[in-house]
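Participant: Assemble the complex: chain A is given as a structure, and chain B must be docked to it using the hints.
Protein chains: 2
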Amino acid sequence: MGKNSMKTTQEWQQDKVRIVLIETSHPGNIGAAARAMKVMGLVELYLVAPKHFPDPQAIAMASGADDVLQQAKVVSHLSEAITDCHIVIGTSARSQRYLQWPLRTARECGEYIAEQDEDKKIAIIFGRERTGLSNDELDYCQSLVHIPTNPDYHSLNVAAAVQLISYEYRIHQKQTSSSPPEYNENRQELPVNQKSMEGFYQHLEKTLADIRYLDPSNPRLLMRRLRRLFGRIDIVPSEMNILRGILSAMQGRKFKTRNKKP
Amino acid sequence: MGKNSMKTTQEWQQDKVRIVLIETSHPGNIGAAARAMKVMGLVELYLVAPKHFPDPQAIAMASGADDVLQQAKVVSHLSEAITDCHIVIGTSARSQRYLQWPLRTARECGEYIAEQDEDKKIAIIFGRERTGLSNDELDYCQSLVHIPTNPDYHSLNVAAAVQLISYEYRIHQKQTSSSPPEYNENRQELPVNQKSMEGFYQHLEKTLADIRYLDPSNPRLLMRRLRRLFGRIDIVPSEMNILRGILSAMQGRKFKTRNKKP
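Protein chains in written order, with our numbering: chain A, 29 to 290; chain B, 29 to 290.
These are computed hints drawn from the structure, not numbers from a lab. Don't take every hint at face value.
You can't tell identical chains apart in this list, so a pair holds if it fits in one copy or across any two.
Said to hold, decoys possible - Computed cross-link-like contacts, SDA-like style, restricted to lysine to any residue with a CA-CA straight-line distance of at most 25 Å:
(1) 44 <-> 148
(2) 148 <-> 177
(3) 223 <-> 280
(4) 223 <-> 269
(5) 44 <-> 183
(6) 79 <-> 92
(7) 149 <-> 258
(8) 101 <-> 182
(9) 79 <-> 116
(10) 44 <-> 177
(11) 148 <-> 81
(12) 149 <-> 177
(13) 223 <-> 279
(14) 44 <-> 182
(15) 101 <-> 264
(16) 223 <-> 130
(17) 223 <-> 129
(18) 149 <-> 179
(19) 148 <-> 247
(20) 223 <-> 156
(21) 223 <-> 265
Extracted from the complex, chain A is given alone in its bound form (with noise of 0.2 Å):
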């Protein structure tokens, strides 16, 4: 995709934070974190002592973010995983059992990362699907990060988990750095000013009389009612001429009727 978006790729790719997955049974989420990761443009996978990897369901799961599996570098012990780490932050689910680290929620974490400067490196670890981090693998953790959960069911895919956290960095990293190219092309039209708005509310009553739904006498209710109902839409010019369209060809049709008399 997007030969010619390779500075925003780049704007996107973010060396600065790694992701640490440990002891990872399944290699199908080992393929779907490494999807999550790229999706919002992380790229750096550490995998410390997985079941079965490589493996085809871990290709299969990561679906076109091959590059990220085929990168990802495997190691024997955690320690390995973060020694060239500047900031190491661990993922728990059980967050009130460890009081003594300094606790942020996802949205606090992504904005922590984010403001980090670029040369330092952080790495995310996430624990097993069954048992999460060891109490020896939280103590290489400066803090923890906690995703809020179904207090009875708070069985957080780790793949989902990645997602998440990496969402929640991208989000921050976006806010942080200069806004976004595509932004502009994101806009909507803007609305139509007031004085547009006074025109199609008097071509509006004016009609609304003509097929005698409105009695003039005694217009005010009727016309309030319709200015509260299309005074909350941002109507957008083109909108405005469809509905002054409809309006002048409810007038056409009348008049045309009234010709035809014989």
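Facilitator: For chain B alone, kept in the frame of chain A given last:
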């Protein structure tokens, strides 16, 4: 888990939001979406013409969210999935193509949904894995939600998208859930449901054809623009009565004039 946390569960479980998946190809994605929902407290899942359902892969990927799968309703067309809904939101990766829909980021969407009254039903529609939502399906949507992704790789998995939207809703719902009880007493009328909107659009289309503003052999673009226009307002029943009254007056006028012909 947590036998004595029934109250907490109820606070978390939200019937306000319905997740609708359209023609999902991979049953594993349905299961993963159910898990993504439940972990954020959502329970209501509608499946429009899924390729394979029920399916062992869906159950495997649901990983304990079997109840969400079991309660999932399978329907053959999107209209059946949203007929009782007050707000219909479509998800789109290609935001810039659809300029006339109000577009929210996932974050803004979460805030918007959380702000709605509890007795409103809100459907969030997720399209096919490869091709998303069709134009016909987009016509049912009042607004769109967009998740920002890597411009060169926007292959966000559908269950990951459900996870992000459910998460954003959950975050904001927690923030707004403590609103005082008297808040509801001050509320305005509830907007009409989707069935009422469809009835209005049919009446509008017929009337516009009657006054020859619309060419019945090619009605789609005009009706699409008008759906986009009126779909942006939460029309309440008393306002709908006025709009339908105007349409009837337009038709009645025509009828009367014809009768007057000698």
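Participant: Work down the list of hints and note, for each, if the structure agrees.
Facilitator: Verification of the hints:
In this homomeric assembly, residue 44 and residue 148 come within 25 Å of each other (Cα to Cα) only inside a single copy, at 6 Å, whereas the closest approach across copies is 43 Å. Within a single copy, residue 148 and residue 177 get their C-alpha atoms only as close as 30 Å, which misses the 25 Å cut-off; across copies the closest is 23 Å, which meets it. Proximity of residue 223 to residue 280 under the C-alpha cut-off of 25 Å is restricted to the intra-copy arrangement: shortest distance 24 Å within a copy versus 32 Å between copies. Taking the shortest alpha-carbon separations for residue 223 and residue 269, only the intra-copy value of 14 Å comes in at or below 25 Å, while the best inter-copy value is 27 Å.
For the homomeric pair residue 44 and residue 183, the shortest alpha-carbon distance between copies (22 Å) is at most 25 Å, but the shortest distance inside one copy (28 Å) is not. For a Cα distance limit of 25 Å, the shortest separation of residue 79 from residue 92 qualifies both inside one copy, at 22 Å, and across copies, at 22 Å. For a Cα distance limit of 25 Å, the shortest separation of residue 149 from residue 258 qualifies both inside one copy, at 18 Å, and across copies, at 23 Å. Taking identical chains as interchangeable, the C-alpha atoms of residue 101 and residue 182 lie at most 25 Å apart only when they sit on different chains, with a minimum of 24 Å there against 29 Å within one chain.
Taking CA atoms no more than 25 Å apart as the test, residue 79 paired with residue 116 passes inside one copy only; the shortest distance there is 23 Å, against 43 Å between copies. Taking identical chains as interchangeable, the C-alpha atoms of residue 44 and residue 177 lie at most 25 Å apart only when they sit on different chains, with a minimum of 17 Å there against 27 Å within one chain. Taking CA atoms no more than 25 Å apart as the test, residue 148 paired with residue 81 passes in neither setting, with 28 Å inside one copy and 47 Å between copies. In this assembly of identical chains, residue 149 and residue 177 lie within 25 Å of each other by CA distance solely across copies; the values are 22 Å between and 28 Å within a copy.
When the C-alpha separation of residue 223 and residue 279 is checked against a cutoff of 25 Å, the pair qualifies only within one copy, where the shortest distance is 22 Å, while the shortest distance between copies is 30 Å. In this assembly of identical chains, the alpha carbons of residue 44 and residue 182 lie at most 25 Å apart only when taken from different copies (20 Å versus 29 Å within one copy). Taking the closest pair of Cα atoms, residue 101 and residue 264 never come within 25 Å of each other, the shortest separation being 28 Å inside a single copy and 38 Å across copies. Proximity of residue 223 and residue 130 under a CA criterion of 25 Å is satisfied in both settings, with 21 Å inside one chain copy and 23 Å between copies.
For a Cα distance limit of 25 Å, the shortest separation of residue 223 from residue 129 qualifies both inside one copy, at 20 Å, and across copies, at 24 Å. For the identical chains of this complex, residue 149 and residue 179 are inter-copy neighbours only, at 23 Å across copies versus 33 Å inside a copy, given an alpha-carbon limit of 25 Å. In this assembly of identical chains, the alpha carbons of residue 148 and residue 247 never lie at most 25 Å apart, being 31 Å within a copy and 33 Å across copies at closest. Taking the shortest alpha-carbon separations for residue 223 and residue 156, only the intra-copy value of 24 Å comes in at or below 25 Å, while the best inter-copy value is 43 Å.
Taking the shortest Cα distances, residue 223 and residue 265 sit within 25 Å of each other inside one copy (12 Å), while across copies they are farther apart (29 Å).
When the structure is compared with the earlier hints, violations turn up for hints 11, 15 and 19 and for no others.
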